[in-house]
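Chain order of the listed sequences is A and B. Here my numbering is used: the first residue of the first sequence is 1, the next is one more, and so on. Here my numbering is used: the first residue of the second sequence is 1, the next is one more, and so on.
Treat the hints loosely; a few may be bogus.
Pairs of lysine-lysine residues, derived as DSS-like cross-links and limited to a Cα-Cα distance of at most 25 Å, are as follows [as the list claims (entries may be wrong)]:
hint: 1; chain 1: A; residue 1: K212; chain 2: A; residue 2: K141
hint: 2; chain 1: B; residue 1: K166; chain 2: A; residue 2: K43
hint: 3; chain 1: B; residue 1: K58; chain 2: A; residue 2: K43
hint: 4; chain 1: A; residue 1: K169; chain 2: A; residue 2: K212
In case anyone wonders, no lab produced these hints; they're calculated from the structure.
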Amino acid sequence: MNRENHDLVDELCRQLADKTPPADVLADLCAEMATQRLAIVRKAVVPQSSLRRRLLGRMMHRAVLGTSLVVVLGFVLLSRGTHESPPKAVQNQVTDVREINDELRHQSASRESEYTLVVMAHGSGVPELQNPGFESVIDGKPDGWFFPPVCEQAGYRVEVSDDAVTGDKCAHVSASEASGQGFANLMQVFTEDSLDGFRGRRIRFRAAVKTKNLADATKPGLWLRVDRPSSDPSRPQIGDFDNMQDRPIHCDDWQHFEIIADVADDAKSLTVGLLLAGNGDVWIDDCSLEVVSDDTPKTTTDIVAMNPPGRSTSATCAPTSVTEEFFSPWLVCGVVAVICCSQLPDGRFQLFAFRFAFAYWILFALPSPLQVPLSRLSPTVLMWYSQATDAFVRWTAVNVVGIERALIPPNGSGDSRYASGRLDDRVGLCYPLQHPSPPTRFIATLRRVLCIQWYFKYHCAK
Amino acid sequence: MLKNPQSVARMPEDEKPQSVAQYQRLLEPLAAALAQRVWRVLQNRDDVLDVLQDVQLKIWQKLAVIQRHPNPAALVVKIGIERALDVRRERRNRASQSEQDLSQRLDESASVEGMTELSEAHEEVLDAIARLPNQQSVCVYLRLVEQQDYFEISRTPEITEATVRKHVERGRRQLQLWLPHLMTTNEVKQ
Numbered sequence: 001m002n003r004e005n006h007d008l009v010d011e012l013c014r015q016l017a018d019k020t021p022p023a024d025v026l027a028d029l030c031a032e033m034a035t036q037r038l039a040i041v042r043k044a045v046v047p048q049s050s051l052r053r054r055l056l057g058r059m060m061h062r063a064v065l066g067t068s069l070v071v072v073l074g075f076v077l078l079s080r081g082t083h084e085s086p087p088k089a090v091q092n093q094v095t096d097v098r099e100i101n102d103e104l105r106h107q108s109a110s111r112e113s114e115y116t117l118v119v120m121a122h123g124s125g126v127p128e129l130q131n132p133g134f135e136s137v138i139d140g141k142p143d144g145w146f147f148p149p150v151c152e153q154a155g156y157r158v159e160v161s162d163d164a165v166t167g168d169k170c171a172h173v174s175a176s177e178a179s180g181q182g183f184a185n186l187m188q189v190f191t192e193d194s195l196d197g198f199r200g201r202r203i204r205f206r207a208a209v210k211t212k213n214l215a216d217a218t219k220p221g222l223w224l225r226v227d228r229p230s231s232d233p234s235r236p237q238i239g240d241f242d243n244m245q246d247r248p249i250h251c252d253d254w255q256h257f258e259i260i261a262d263v264a265d266d267a268k269s270l271t272v273g274l275l276l277a278g279n280g281d282v283w284i285d286d287c288s289l290e291v292v293s294d295d296t297p298k299t300t301t302d303i304v305a306m307n308p309p310g311r312s313t314s315a316t317c318a319p320t321s322v323t324e325e326f327f328s329p330w331l332v333c334g335v336v337a338v339i340c341c342s343q344l345p346d347g348r349f350q351l352f353a354f355r356f357a358f359a360y361w362i363l364f365a366l367p368s369p370l371q372v373p374l375s376r377l378s379p380t381v382l383m384w385y386s387q388a389t390d391a392f393v394r395w396t397a398v399n400v401v402g403i404e405r406a407l408i409p410p411n412g413s414g415d416s417r418y419a420s421g422r423l424d425d426r427v428g429l430c431y432p433l434q435h436p437s438p439p440t441r442f443i444a445t446l447r448r449v450l451c452i453q454w455y456f457k458y459h460c461a462k
Numbered sequence: 001m002l003k004n005p006q007s008v009a010r011m012p013e014d015e016k017p018q019s020v021a022q023y024q025r026l027l028e029p030l031a032a033a034l035a036q037r038v039w040r041v042l043q044n045r046d047d048v049l050d051v052l053q054d055v056q057l058k059i060w061q062k063l064a065v066i067q068r069h070p071n072p073a074a075l076v077v078k079i080g081i082e083r084a085l086d087v088r089r090e091r092r093n094r095a096s097q098s099e100q101d102l103s104q105r106l107d108e109s110a111s112v113e114g115m116t117e118l119s120e121a122h123e124e125v126l127d128a129i130a131r132l133p134n135q136q137s138v139c140v141y142l143r144l145v146e147q148q149d150y151f152e153i154s155r156t157p158e159i160t161e162a163t164v165r166k167h168v169e170r171g172r173r174q175l176q177l178w179l180p181h182l183m184t185t186n187e188v189k190q
């Protein structure tokens with residue numbers, strides 16, 4: 001053992017013992033210590049209101065946790081019986097005809113505004129077409145059928161012809177003077193009051209059709225559309241739709257064609273008619289509209305792709321779209337966040353987990369799945385829920401996230417109007433695409449959560 | 001400055017009003033001594049304040065245990081020194097990651113307002129003590145720097161006097177290995 005070395009270290013240590021802070025520094029440290037003690041004691045004696053808040057927060061954590069587990073389990077069960085999504089080719093085809101569908105919707109809307117209803121419920125309670133055989137004629141045009149003025153402006157015309165398959169007359173739609181733009185549309189509209197006999201049932205629109213002089217790209221066909229209520233009256237939600245653009249009619253002699261579709265319980269209107277997109281001559285006669293059994297195969301395309309993302313469609317289609325929306329990779333984060341915010345001790349991580357859980361469950365995930373059980377309760381309840389969710393999302397967008405309308409991505413609230421606006425440079429929260437890819441959705445959702453976090457940090461802290 | 005104030009509030013509600021008075025009574029007379037000892041280890045105002053806050057928070061959380069101790073004041077000082085040595089160890093570990101960091105740290109620490117000049121040898125001794133295992137470093141510091149006797153040291157860490165002697169002796173030997181340049185030429189006489 002080296003005594004000298006020990007002595008040297010001991011000497012240094014003894015010198016250290018003599019080192020004392022200057023008096024002013026020591027006084028400063030003592031004052032700071034007193035301040036720290038005061039802060040510790042003040043935090044320790046928690047006001048009753050703060051305790052209540054904390055208790056409420058813990059109850060909310062547990063409620064969110066419980067609700068999320070119930071929702072997850074519910075959707076696992078609900079998703080079992082649902083059919084698969086339509087193939088890509090069908091979705092693309094449906095997307096192709098969307099423009100025509102929009103125009104048809106516009107025309108039928110104008111029809112409702114310009115004319116009194118032509119279809120009345122009969123004693124049986126089942127609505128019937130008016131003048132199905134085109135035997136009744138007014139001013140050379142079939143009575144009860146509507147031919148929009150815009151079609152006439154596009155060069156199409158409708159007249160009553162004697163070349164009938166049944167009876168004496170039929171309707172003849174021609175496009176000899178058409179410029180090739182637009183399309184002809186001869187239709188009838190059933191509004192909400194006259195649909196009672198069809199609600200919740202499968203119907204068939206059937207008519208005899210023959211064609212002549214068709215140009216190559218001309219696609220004549222029957223069409224049918226069921227509209228359902230929407231929070232945006234100008235864009236009703238599609239219940240079911242078919243315009244035969246995937247199987248256009250090309251036959252020189254009379255032949256019967258049909259469209260079979262479902263009318264939803266909450267259907268707002270039903271529109272049927274004949275469509276001629278392109279140059280040529282089409283005759284239609286012997287129309288009928290009747291209820292068929294539920295096991296009759298539908299001819300309509302799955303309309304998941306027709307509605308904007310986040311909207312529920314018919315009862316049979318809703319679980320598929322909502323399930324896809326719900327069972328995203330973010331679900332894991334949402335569940336983990338709920339568990340963290342209820343289990344972690346108070347602190348920054350717990351706060352972040354709570355905010356993430358709030359943003360994910362309240363704004364993103366829950367509004368959509370809850371629509372399914374609500375839709376089975378009552379359409380009215382579903383409508384109230386959609387409106388309430390929409391109002392809440394609007395309020396959150398403006399007051400919490402600090403963005404104007406047209407910036408919230410589809411969130412399952414049933415209102416996609418926000419998704420079509422301009423992108424705000426400062427926050428940029430909306431999905432730029434109608435059908436965003438998973439990476440795009442991931443990035444957009446991440447940005448949204450970060451923006452909410454940013455808001456809490458810089459605004460609520462004040 | 002308060003790092004985790006929420007954790008303080010977890011104490012049972014019925015204990016708090018009494019605890020506040022006891023807490024103040026315990027710490028007020030010890031504040032100067034505690035600050036002085038922590039300063040001696042760290043020599044940096046910010047670090048000292050951080051350590052003092054941690055120590056006061058820990059004392060609040062363990063108030064019942066500390067009050068049952070036969071020598072609460074010594075225990076409080078020991079907690080302070082222990083935490084200060086921890087901070088010094090962390091500081092040294094950070095600095096030793098690169099020589100550049102080390103020189104930067106020395107430059108920064110030298111420029112801190114109110115900083116007392118310590119010789120390089122003193123710094124090295126303190127760093128070496130801080131590098132020792134936790135219990136050993138406290139025992140060595142209390143023995144060598146604070147000049148406490150073995151019995152007194154054995155009461156605060158609540159270990160036997162023989163263990164304290166063993167810790168101090170082993171710590172001395174370790175310091176010898178770590179500080180060879182402090183050896184004089186007499187070491188050849190070993």
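(request) Please name the hints from earlier in the document that this structure breaks, with their numbers sorted from lowest to highest. (result) Failing hint: just 2.
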